[in-house]
Amino acid sequence: GESVGLHLPTLSVQEGDNSIINCAYSNSASDYFIWYKQESGKGPQFIIDIRSNMDKRQGQRVTVLLNKTVKHLSLQIAATQPGDSAVYFCAENITPGRRALTFGSGTRLQVQP
Amino acid sequence: DARVTQTPRHKVTEMGQEVTMRCQPILGHNTVFWYRQTMMQGLELLAYFRNRAPLDDSGMPKDRFSAEMPDATLATLKIQPSEPRDSAVYFCASGLSISPRQGGYGYTFGSGTRLTVV
Chain A
21 GESVGLHLPT
31 LSVQEGDNSI
41 INCAYSNSAS
51 DYFIWYKQES
61 GKGPQFIIDI
71 RSNMDKRQGQ
81 RVTVLLNKTV
91 KHLSLQIAAT
101 QPGDSAVYFC
111 AENITPGRRA
121 LTFGSGTRLQ
131 VQP
Chain L
153 DARVTQTPRH
163 KVTEMGQEVT
173 MRCQPILGHN
183 TVFWYRQTMM
193 QGLELLAYFR
203 NRAPLDDSGM
213 PKDRFSAEMP
223 DATLATLKIQ
233 PSEPRDSAVY
243 FCASGLSISP
253 RQGGYGYTFG
263 SGTRLTVV
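Protein chains in written order, with our numbering: chain A, 21 to 133; chain L, 153 to 270.
Worth flagging that the hints you see were computed from the coordinates, not collected in a lab. Built from N, CA and C at the ideal position, the CB exists for glycine as well. Incorrect hints may appear among the rest.
Okay, the calculated beta carbon distance ranges per label pair [as the list claims (entries may be wrong)]:
1. A:ARG118 <-> L:ARG216: 33 to 41 angstroms
2. A:PRO116 <-> L:PRO236: 34 to 42 angstroms
3. L:ARG161 <-> A:PRO29: 24 to 32 angstroms
4. L:GLU196 <-> A:GLN96: 21 to 29 angstroms
5. A:PRO133 <-> L:ARG155: 24 to 32 angstroms
6. L:THR172 <-> A:GLY79: 35 to 43 angstroms
7. A:LYS88 <-> L:GLU166: 26 to 34 angstroms
8. L:THR172 <-> A:GLN34: 42 to 50 angstroms
9. A:SER94 <-> L:PRO222: 39 to 47 angstroms
10. A:ASN73 <-> L:PRO236: 22 to 30 angstroms
Short derived list, chain A residues pointing at chain L, Cβ under 7 angstroms [unchecked claim]:
11. TYR45
12. ILE54
13. PRO64
14. PHE66
15. PRO102
16. ASP104
17. ALA120
18. SER125
Whenever a hint applies, use it, and build me the whole structure from the sequences.
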């Protein structure tokens, strides 16, 4: 797509499988994290968020896990569907109070039918 | 379905020309961001406004970029003069700036302006 890089890490899964996308964030002081999904030719779309005082949050078919010890964030998608194919970004609020998000480099998810 | 509207969707211009990109945030949102996305740098924050006041524009090249919010329904990003290295997709996002304890602030992005400077 027009808005994503050629050298993004890519996760390829079969339709119906579960997907896990990982992200290492940069700042131990970050207080808020969001996962965004970006389809070709579109802007990033909010999926799910989590505050730093939580370690897990569930949505519809998605779960975000936060491990502050190792500064790691993951997005789990259950029963992956072809419509889940996109680039996924994690974003963090590096400066509490500033509320401007810093984005990771993204992971491309390819769902094979 | 509330959305952030960006115009134009595509812009091709010659080096040295002025470029103006526009954004209509979602009604009621008090925070507006400009991001730039390139293959090499990913999504970079250029500037952001809260209640129409610029809070941070440290990500913008000051000599050629300017961002304004003349009113609550319009945000603009101008490049003068434009250069080929400015070619990118420029996104506007809006949201409510509330504490994460109050529920978070997953900002809504527009569809972007794809700028090509030749």
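_For the hint 39 to 47 angstroms, verify it against the beta carbon of SER94 of chain A and that of PRO222 of chain L._
Holds, since SER94 of chain A and PRO222 of chain L (Cβ atoms, about 42 angstroms apart) stay within the stated range.
_Cβ distance range 21 to 29 angstroms for GLU196 of chain L and GLN96 of chain A, holds or violated_ = 28 angstroms, holds
*Under the criterion of a CB-CB separation shorter than 7 angstroms, is TYR45 of chain A in contact with chain L as hinted?*
14 angstroms, violated
*Using 7 angstroms as the Cβ threshold, decide whether SER125 of chain A counts as touching chain L.*
5 angstroms, holds
*Holds or violated: is there a CB of chain L closer than 7 angstroms to the CB of ILE54 of chain A?*
5 angstroms, holds
*Falls inside 33 to 41 angstroms, the C-beta gap from ARG118 of chain A to ARG216 of chain L?*
25 angstroms, violated
_Interface restraint verdict for ALA120 of chain A against chain L (beta-carbon cut-off 7 angstroms)_ = 5 angstroms, holds
*Within 26 to 34 angstroms or not, the Cβ separation of LYS88 of chain A and GLU166 of chain L?*
Given about 49 angstroms between the Cβ atoms, the range is violated.
*Would you check whether PRO102 of chain A satisfies its interface hint, that is, whether its CB is within less than 7 angstroms of any CB in chain L?*
Since the shortest Cβ distance to chain L is 22 angstroms, the answer is violated.
*Would you say the C-beta atoms of ASN73 of chain A and PRO236 of chain L sit inside 22 to 30 angstroms of each other?*
Given about 45 angstroms between the Cβ atoms, the range is violated.
*Hint check: 7 angstroms Cβ-Cβ cutoff, PRO64 of chain A to chain L*: 5 angstroms, holds
*asked:* Tell me if the beta carbons of PRO133 of chain A and ARG155 of chain L are separated by a distance inside 24 to 32 angstroms.
replied: 30 angstroms, holds
Checked against the numbered hints above, the structure violates hints 1, 7, 10, 11, 15, 16; every other hint is satisfied.
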